[in-house]
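Undergrad: Residue-level listing of the chains:
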Amino acid sequence: MTDVAAPAAVRVQDDRKDQTLHFLQNYGVYIAIVVLVAVNAFWTSDFLSLDNLRVQLFQVVPVLLVALGMALVIGTEGIDLSVGAVIALASAFIPLYLGYGAGLTIVICLIAGAVSGVVSGAMVAFGQVQPIVATLALMIGLRGVAVILNGASAKPVNDPFLDGLGLDSILGIPKMAWIALIIVLIVAFVVRRTTFGRQLVAIGDNRAASQLAGLPVRRVLVSVYVISGVLAALAGVLIVGHGAEADPSNYGLNYELSAITAVVVGGTPLTGGKVKVLGTVAGALLMQIISATLVQHNIANSYAQMVEAVIICAAVYAARGRGNR
Amino acid sequence: MSHVTVSKPAPEPVVTDADAQRASRAERITGLIQNQGGIGVLILVALAAAIFSSGFASSGNVKSILVGNAYTSLLALGMTFVIISGGIDLSVGSVFALGGVLAAWGSLHGGTLMAIVLPLVVCAVWGLVQGLLIARAGLAPFIVTLAGLLGARGLLQAISSEGTKTYLVPAHSAFLKLGDGTWLPILTAVVLFAVAVVVLQRTRFGQRLFAIGGNENAALLMGLPVLRTKVLVYVLSATMAGGAGMLNASRLQSGVTNIGVGYELTAIAAVVIGGTLLTGGAGSIYGTAAGVLLLAIIQNLIGVHLSQYGTSASDAVNGGFLAVVVLLQTYLSRIQRTQ
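Same order as they appear, the protein sequences are chains A and B. To get my numbering, take the position in the first sequence, counting from 1, and add 1. To get my numbering, take the position in the second sequence, counting from 1, and add 23.
Just so you know, these hints were derived from the structure itself, not from any lab. Fair warning: this is a prediction, and the values are worked out from it, not measured in the lab. Note that CB positions come from ideal geometry on N, CA and C, so glycine has one too. One or more hints might be untrue.
Claimed, not checked - Covered stretches of chain B, as calculated for chain A (at least 3 residues, CB under 8 Å):
no., segment
1, 71-81
2, 158-164
3, 336-342
4, 349-355
Said to hold, decoys possible - When the alpha-carbon atoms are kept at most 25 Å apart in a straight line, the in silico SDA-like pairs for lysine to any residue are as follows:
no., chain 1, residue 1, chain 2, residue 2
5, A, K18, B, T334
6, A, K156, B, Q331
7, A, K18, B, K86
8, A, K275, A, G215
9, A, K156, B, T334
10, A, K275, B, Q331
11, B, K188, A, L49
12, B, K188, A, G128
13, B, K188, A, N302
14, B, K188, A, S303
15, B, K188, A, K18
16, B, K188, A, K275
17, B, K86, B, V340
18, B, K188, A, A305
19, A, K156, B, N281
20, A, K18, B, Q331
21, A, K275, B, G161
22, B, K188, A, L295
23, A, K275, B, N281
24, B, K188, B, V279
25, A, K275, B, A163
26, B, K200, A, S250
27, B, K188, A, K156
28, B, K188, A, S250
29, B, K188, A, G215
Modelling step: build the complete structure from the supplied sequences, incorporating the hints.
TA: This is the structure we're talking about:
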């Protein structure tokens, strides 16, 4: 009797543990956000003031845009290390072409991002190079190109349209945030409701099987890197608008890290086959809230970095069980 | 990365002796290019530079190239081991800087022995933690060492009041002798590379790395101590990076806090250019040495001829170079596999 009962009890306990883990994996980010906001509402003066919220949005939007592209790439079991360099490249193009008008300049920047995506995507899809090396080459190379184009020192960008894009608000919410909202909706729709989204996830799950099933593997892979490049370039445009200067030596540094962190914390596994768009948004917001909390309580940058390192490891550790289930 | 090879119903193969000979010759040639290509390109580039760039082959310039890269080459050396085992270590740039700051701090507060031991121990422990997270907890090397890159930089800044305080090695400290002069740094690097060749090719540890990098499951089933070997490789890489930082601090006579950013990229590029496959299981120390020297020569040439662009021009060239090399490599290994 007891021989049978004991394993059964253990099994029930295991099930419950499983469920708790599962719940935390799926909703942990959202819970963490709610808890942190609540804590900050009491402990940090002016945390919920409109001004502070607006400042936080200005900071998080570029990371969020890059992270959305990164989430798609990671969904195909890839990685895009070149995003920070693409931001630098876009920022270098702006002072060069601003004479032709802001609209055309933005289009040129986005095309530059797309071209960079075509290059890394083609290396991954056709050359069968590992994504990490293919995009590493661009990460090293493109920043070099950007600095050559612009020169080592920052150049001022005084264009009412561009600066307005980076600084102004509509209905009290930054224009940048509206842009980000639209793009989040588009990406979420693409991932959930389109053939392309399904194909992307299938390829990340099993590239060989997808190829045998006749999916356009190469086209989808290249498209994913193009999307990532375009979103990074857009982030670059917004960063230039917000700072009212172009500084390719410093813009976009470590953005690949922040973006990957947001994606991973949001619950998208690095092993591909799954894309969590809302999770990525939440991941980016959570990392922003954490850094804002640390900054506003005068915690030094050094400790903030160590905290971030621990969070990255913890998030991946928590996500680890998901693959086995 | 998985490759799909759809096997076509092949016509009855008629293999003549001549065919077989030709195939094996082609195979040998692709293998040779892949393994020794880095060295070949190095020789060509060095010759071209010596002929077309005046002053390149002067003993002063050669010495400055060798000395300037003696310590950073150790990052690529450690990285070679990690990559052969099928992993990657993105933290080496930060650990290099951490080692330097710890060495300078140690020489100020405890003397020469402290300056040497402290960075080695701390960085070894750093590598141990990373290795355990990777081998024991099964986290992706890429992400653990990415966190390590952030964390080590954070630790370094915490020690140096947010990177604003540069510890100076006391002027008469014996620690300064360690990185002094021209020949000592070069000799240090050469000896460590030679030791690495022996370790990789003549010891059980080295052979296990190839086995694990080639097929981890198979290595596990053969009863190899996979976990221990993998942990050790990250300890090795971090210790090497910290040690290099320590020697560099002795040379610079201080613990520079903003050094080492992006060094992991150069190290990986050197290893890959040297013919070590990022998929693990294959690679060589000679190749890495060639890769390091090749990047160093390119940087030197650009420094002379395109000095108005500074390091950004060499970054652009290095990036393009890396892209060409990996494309060539994957192409060659695909040819080899189909043969």
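Undergrad: Are the hints correct? Go through all of them and say.
TA: To see whether the hints hold, each was checked on the structure:
1. Counting residues of the segment 71-81 of chain B whose CB lies closer than 8 Å to any CB of chain A gives 0, so the stated coverage by that chain is violated, three being the minimum.
2. Proximity of the segment 158-164 of chain B to chain A, defined as three or more residues with a beta carbon under 8 Å from a beta carbon of that chain, is established by the 4 residues found.
3. Taking a C-beta to C-beta cut-off of 8 Å, the segment 336-342 of chain B contributes 7 residues in contact with chain A, enough for the three needed, and the coverage statement holds.
4. Interface restraint, the segment 349-355 of chain B with chain A: holds (4 residues with C-beta to C-beta distance below 8 Å; minimum three).
5. Our distance criterion of 25 Å between C-alpha atoms is broken by A/K18 and B/T334, whose separation comes to about 54 Å.
6. For the suggested pair A/K156 and B/Q331, the alpha carbons sit about 18 Å apart, so the restraint of at most 25 Å is met.
7. Restraint check: the Cα-Cα separation between A/K18 and B/K86 comes to about 63 Å, which exceeds 25 Å; the hinted pair is violated.
8. Among the hinted pairs, A/K275 with A/G215 is consistent with the structure: their alpha-carbon atoms are about 20 Å apart, no more than 25 Å.
9. A C-alpha spacing of about 19 Å is found between A/K156 and B/T334, which places the hinted pair at or below 25 Å, so the restraint holds.
10. Distance restraint check for A/K275 and B/Q331: the Cα-Cα separation of roughly 46 Å exceeds the 25 Å cut-off, and the hinted pair is therefore not satisfied.
11. Between B/K188 and A/L49 the alpha-carbon distance is near 36 Å, which puts this suggested pair outside the 25 Å criterion.
12. Annotation: proposed proximity of B/K188 to A/G128 is violated, straight-line Cα distance about 47 Å (limit 25 Å).
13. About 15 Å separates the Cα atoms of B/K188 and A/N302, which keeps this hinted pair within 25 Å; it holds.
14. Proposed proximity of B/K188 and A/S303 is supported: the alpha carbons are some 13 Å apart, at most 25 Å.
15. For the proposed pair B/K188 and A/K18, the alpha carbon gap of about 48 Å is over 25 Å, so the pair is violated.
16. Taking the CA atoms of B/K188 and A/K275, the gap is about 45 Å. The hint is violated against a cut of 25 Å.
17. A hinted pair counts as satisfied when its Cα atoms are at most 25 Å apart, and B/K86 with B/V340 qualifies at roughly 23 Å.
18. The suggested pairing of B/K188 with A/A305 holds, with an alpha-carbon distance near 19 Å, which does not exceed 25 Å.
19. Using a Cα cut-off of 25 Å, the hinted pair A/K156 and B/N281 holds, with the two alpha carbons roughly 24 Å apart.
20. As the CA atoms of A/K18 and B/Q331 are separated by approximately 62 Å, the hinted pair breaks the 25 Å bound.
21. Among the hinted pairs, A/K275 with B/G161 is consistent with the structure: their alpha-carbon atoms are about 19 Å apart, no more than 25 Å.
22. As the CA atoms of B/K188 and A/L295 are separated by approximately 22 Å, the hinted pair is consistent with the 25 Å bound.
23. Only pairs whose Cα atoms come within 25 Å are accepted, and A/K275 paired with B/N281 is rejected, the gap being roughly 38 Å.
24. The suggested pairing of B/K188 with B/V279 holds, with an alpha-carbon distance near 9 Å, which does not exceed 25 Å.
25. Distance hint between A/K275 and B/A163 is fulfilled; the C-alpha atoms sit about 17 Å from each other, no more than 25 Å.
26. For the hint pairing B/K200 with A/S250, the CA-to-CA distance comes to about 36 Å; that exceeds 25 Å, so the pair is violated.
27. With a C-alpha separation of about 30 Å, the suggested pairing of B/K188 with A/K156 is violated against the 25 Å cut-off.
28. Distance hint between B/K188 and A/S250 is fulfilled; the C-alpha atoms sit about 24 Å from each other, no more than 25 Å.
29. A C-alpha spacing of about 60 Å is found between B/K188 and A/G215, which places the hinted pair above 25 Å, so the restraint is violated.
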